[in-house]
Amino acid sequence: MNDCATKIELIEALSNDAYRIRFAVDWKAFDPGQFVMMGIPGNVVFLRRPFGIARFSNGVAEICCKVVGRGTRALSDAKVGTRIDVLGPCGRGFRFPQKEEPAILVAGGYGIGPIFGLCEALLAQGRRCILYYGARETSHLLYLDELAKIGANVKCSTEDGSHGARGMIAELLEKDLDNIEKPSLFACGPHGLSKAVAEISRRRGVPAQVSMESYMACGIGVCLGCACKDADGNFVRTCREGPVFDVRELQWDSSPL
Amino acid sequence: MNDCATKIELIEALSNDAYRIRFAVDWKAFDPGQFVMMGIPGNVVFLRRPFGIARFSNGVAEICCKVVGRGTRALSDAKVGTRIDVLGPCGRGFRFPQKEEPAILVAGGYGIGPIFGLCEALLAQGRRCILYYGARETSHLLYLDELAKIGANVKCSTEDGSHGARGMIAELLEKDLDNIEKPSLFACGPHGLSKAVAEISRRRGVPAQVSMESYMACGIGVCLGCACKDADGNFVRTCREGPVFDVRELQWDSSPL
Amino acid sequence: MKPDLKVKIGSLTLKNPVITASGTFGYGEEFHESFYDIAKLGAVVTKGISLKPRAGNEMPRVIETASGMLNAIGLANVGLDAFLSDKLPYLARTGAVVIANILGSTVEEYAEVARRLDSAEGVMALEQNISCPNVKCGGLQFGIDPESAAVAVRAVRKAFSRTLIVKLSPQASSIPAMARACEEAGADAISLINTIPAMAIDVRTKKPVLANVTGGLSGPAIKPVALRMVYEAAGAVKIPIIGIGGIMNAADAVEFMLAGASAIQIGTANFVRPMAAMEIIEGIEVYCRENSISRVGELTGALEVRS
Amino acid sequence: MKPDLKVKIGSLTLKNPVITASGTFGYGEEFHESFYDIAKLGAVVTKGISLKPRAGNEMPRVIETASGMLNAIGLANVGLDAFLSDKLPYLARTGAVVIANILGSTVEEYAEVARRLDSAEGVMALEQNISCPNVKCGGLQFGIDPESAAVAVRAVRKAFSRTLIVKLSPQASSIPAMARACEEAGADAISLINTIPAMAIDVRTKKPVLANVTGGLSGPAIKPVALRMVYEAAGAVKIPIIGIGGIMNAADAVEFMLAGASAIQIGTANFVRPMAAMEIIEGIEVYCRENSISRVGELTGALEVRS
Ligand SMILES: Cc1cc2nc3c(=O)[nH]c(=O)nc-3n(C[C@H](O)[C@H](O)[C@H](O)COP(=O)(O)OP(=O)(O)OC[C@H]3O[C@@H](n4cnc5c(N)ncnc54)[C@H](O)[C@@H]3O)c2cc1C
Ligand SMILES: Cc1cc2nc3c(=O)[nH]c(=O)nc-3n(C[C@H](O)[C@H](O)[C@H](O)COP(=O)(O)OP(=O)(O)OC[C@H]3O[C@@H](n4cnc5c(N)ncnc54)[C@H](O)[C@@H]3O)c2cc1C
Ligand SMILES: Cc1cc2nc3c(=O)[nH]c(=O)nc-3n(C[C@H](O)[C@H](O)[C@H](O)COP(=O)(O)O)c2cc1C
Ligand SMILES: Cc1cc2nc3c(=O)[nH]c(=O)nc-3n(C[C@H](O)[C@H](O)[C@H](O)COP(=O)(O)O)c2cc1C
Ligand code: FES
Ligand code: FES
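First to last, the sequence lines map onto chains A, B, C and D. With the first letter of the first sequence counted as 1, position 48 gets the number 48 in the working numbering; the numbers rise by one all the way through. With the first letter of the second sequence counted as 1, position 131 gets the number 131 in the working numbering; the numbers rise by one all the way through. With the first letter of the third sequence counted as 1, position 71 gets the number 71 in the working numbering; the numbers rise by one all the way through. With the first letter of the fourth sequence counted as 1, position 1 gets the number 1 in the working numbering; the numbers rise by one all the way through.
Partner residues aside, some chain B positions facing chain C, computed with beta carbon under 7 Å: (1) Asp3; (2) Ala217; (3) Cys223.
Derived by calculation from the structure, the hints in this document are not laboratory data. Beta carbons are placed, not taken as given, at the ideal position from N, Cα and C, and that holds for glycine.
Using the sequences and the hints given, assemble the complete structure.
What follows is the structure in structure tokens.
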């Protein structure tokens, strides 16, 4: 992990409110599921903002940023060449599955970022994986081209049925799971999705890892601002012990962010 | 006076640290010596910044901005099309001389902005005027082309002698004054220049107006932050009773900003 | 449906909860001439008025800070006589609701100013400033000690028959204690916060930026502190609270009302965007409509706190 | 010539005046592993340590504000035992100067923690936090009342033989009185300020943003207030002052030293720029060189105030 002063190399709209942003970094590798703390250009926000690492190759990292507030707006409005500080890779990523088990990836919305990274890494190692990917509507399904290019097996759902199955991705997943032997789950998305995956994992006794979100001040484990509750009710740091947790490590009844 | 949300129409470097900036406004006229309170693009500073109005025609106003800190930096780095709030015209400008008296204009550094406006207005009325204009070095002499175009009679000095006379502009002025009948002085520049003009005015008994600077929070007369001392030792508001004062209205021994 | 924006402060009914803060609006003339009809405001609070005119501090008096500014104007004002003869008649003609902000370095001065304003037509309410952070000799003890505050408030209460608002200093170590002391002493409402004493230094010159060395911090920087104090005050007293501190837009104003304010004041925002107060009135109305709130008063203290 | 950056705090000599602030640096591990050799710092202040472990408050615990942030961590910490067994040995191995920040809800708890740290090797100084603005039951009275503060400080003074720093709350209505009380009670130095109690509200949900309702404000927003308080404290006592509050760069640090601080602490800046403390050490050195200052201590209180 280090903090590098770099520049935006590419910025590209993926939908009306999501952007692909690339920048050079000086780290050599990352674990899918890890994230970066991005300094936001201009002076519009004070703290950095966390983003999952979607891709990394040849020293260039990519994030997928969805505009939800002032910081994400300013980042997405930045131009190629804008100087930015990038701290990373932060946190603990996904632990890879046992060789023989099929990896069932589950992504919701911009959760596709880290999951794309995981998918690419698994396929590069010749592992079996299926990606379940849900969004509100077709235009919110991102990275479909890239997923096709890396040969991913993607099953989509949209809430309005405009692409793939109609409904929540967890429902589609649950239906298919009966036919998959020894699946292990890897999810990233809104809290509701993580909760659903945790519930499926518990009910079916299949292992599952989820990437959690939390408001973060430092991203490096020193402020204790990002805590979430572990299974024993103790606080653990989302930015350090997470963001990826085994669902059994966490308490699932507590209220989300 | 009003506050208009407008856009930068032109931004042009005049030297390595001074910029000409133009924007449409919805006022109809201004008095040379009046100023605008500019909202600074981005979020880098909190308060607005005052700038003398250098030109106004066909609904487009022009300021000349010298970079001295964060706000002037951000304003000068803005692009054409950047949205800005412009409050103006503020304050009291120069009172025009009696028809017969030759107007002796004196500008130092970016003080040329308001003085250019005054010069243009006087010439448009067919009034006699001579402009004494001093700067540190040649590259700091701005608006020379425009001054030539409007047919201004300009006498320059630079501290390094690289253009015009060597030395301070007040010295050059003082030398020439002997040969001018019934001059009246109009000055805008650093505090030292204003002080020198006030001193010349007092010694020779010639009328003089100077444009004063003060740190301003509101620019409209309500914060009382910009006060300067009048001849009786009372505070007057630079933004409202000024920025242009008759030198006899002010106290000249008090310390500058 | 148009929401009802009226709010009551003591015996005074304001047409909306947006008031312009003392020291940031002069005596109303500049705004009324150049920007908007100030009778559209809930009320106007005048620059602080003292018995005698005050010249104020030396220059520089203001400086920008991170998301805020410092001022050390030194409570410069025209004095009571000039206020009554030169400023009040203009204000009265505009039809604006006028709240006179008063200051004093002694209980007697407060009482004297209050007594004379009581007989002045056109002054609907007083706002008694017990903070005065910029004036060395004046007021500080009133602002930090509940007992001295009570003495000063009682004196003004006796001298003034209409609505009396007491404006608290953020330096009081217990806002609830201070608010209660003022309520018991007869205040009809509490306004807070005044600026927070602060300082800026120029490392180039190795000097304080302000001639007065210290000044008062205002603007968005102090909003979270002001919000907490308003919440504390609202929990401590029954009289209405007027929230002040870093309010720049309607959302900020609504935050203060949720925290317990019945009305709010716009200070530094007047410098940054002269139309701020008008925009905020409009924005509060929009918020009410979007949230199906028929009376703006429903917002006051509507914060949902888990317990 | 390289300026001498050494400063003395009590009997402790620091290699430079830059210290990392409690609660913003964990127990040093994260920074030492990923960013820099923490022995290069003047000192490291640990997260506040209580006798028993504390889980802290519910989520959310942090939120950004204008030029600052609010935190309501709730003084979460591993507790004294785990600090001694798990955290201190690591810190000691790094060679960093370790200042243990301690908290207590009673005088006895403070004394007990201090006593046990007195016999712990590797703890060079204590910083006694008498503020604890986030914990409802704890500490608040110590922070605002000079007499209670003195009692707590005396107890710790008796229990701890090395350098004792007392960290003041900005809620004290008189910083000079508080600083004097701590000096008389035996403090070797005063550090200030802790965060300012504050609040944020979400107008969409009508709820406080922080689960704890209120939190502590830190960052550039509070710098002008902190600077004023450091200036006041320095004028009131003879012992060294450590300045804290919104320091983001070397110029900020120099401002605090000019105001009277012998050393400074970097808090929230550690979150925004993990290398901040190193950059500030370098920047102070550059400032000294450019201003022909041979010992950084010459800066302390060098503010030129017209009188
Ligand atoms: C580990 C992790 C990975 C993430 N990965 C991605 C990603 O790949 N792509 C992406 O678009 N977004 C990602 N997010 C979410 C992203 O960080 C927030 O959307 C962003 O910080 C919002 O900033 P803002 O200034 O636009 O919003 P604000 O205006 O500050 O607030 C808007 C909303 O965003 C939430 N939010 C604000 N700041 C943070 C913060 N520092 N951490 C978490 N939530 C915050 C607020 O609670 C609020 O609900 C991730 C968050 C975490 C914790
Ligand atoms: C009536 C008037 C007319 C002016 N006309 C012009 C002009 O035509 N062209 C031009 O380039 N400049 C003009 N100035 C000066 C200009 O306003 C300042 O240079 C500018 O505000 C500095 O902003 P900053 O953020 O870059 O500097 P900062 O980083 O804030 O400070 C740098 C320096 O500028 C001074 N300064 C900062 N803010 C103000 C302020 N609001 N008012 C006055 N001084 C300030 C500070 O004291 C400091 O010395 C004028 C000032 C006044 C009062
Ligand atoms: C330049 C200036 C002058 C002020 N003068 C007074 C005053 O005379 N009396 C008073 O009670 N408050 C005065 N205040 C305080 C404001 O009324 C208000 O309480 C404070 O600025 C916080 O609100 P804000 O952050 O919205 O500005 C003044 C504030 C400023 C910025
Ligand atoms: C997240 C966070 C946690 C903190 N925890 C403590 C603490 O445990 N003990 C303490 O004395 N101060 C604590 N502080 C206060 C800081 O040490 C410091 O006094 C304050 O943040 C002001 O400095 P800054 O503006 O540089 O951050 C904490 C501050 C923050 C932001
Ligand atoms: S964000 Fe600071 S500890 Fe996780
Ligand atoms: S700048 Fe506010 S009164 Fe002049």
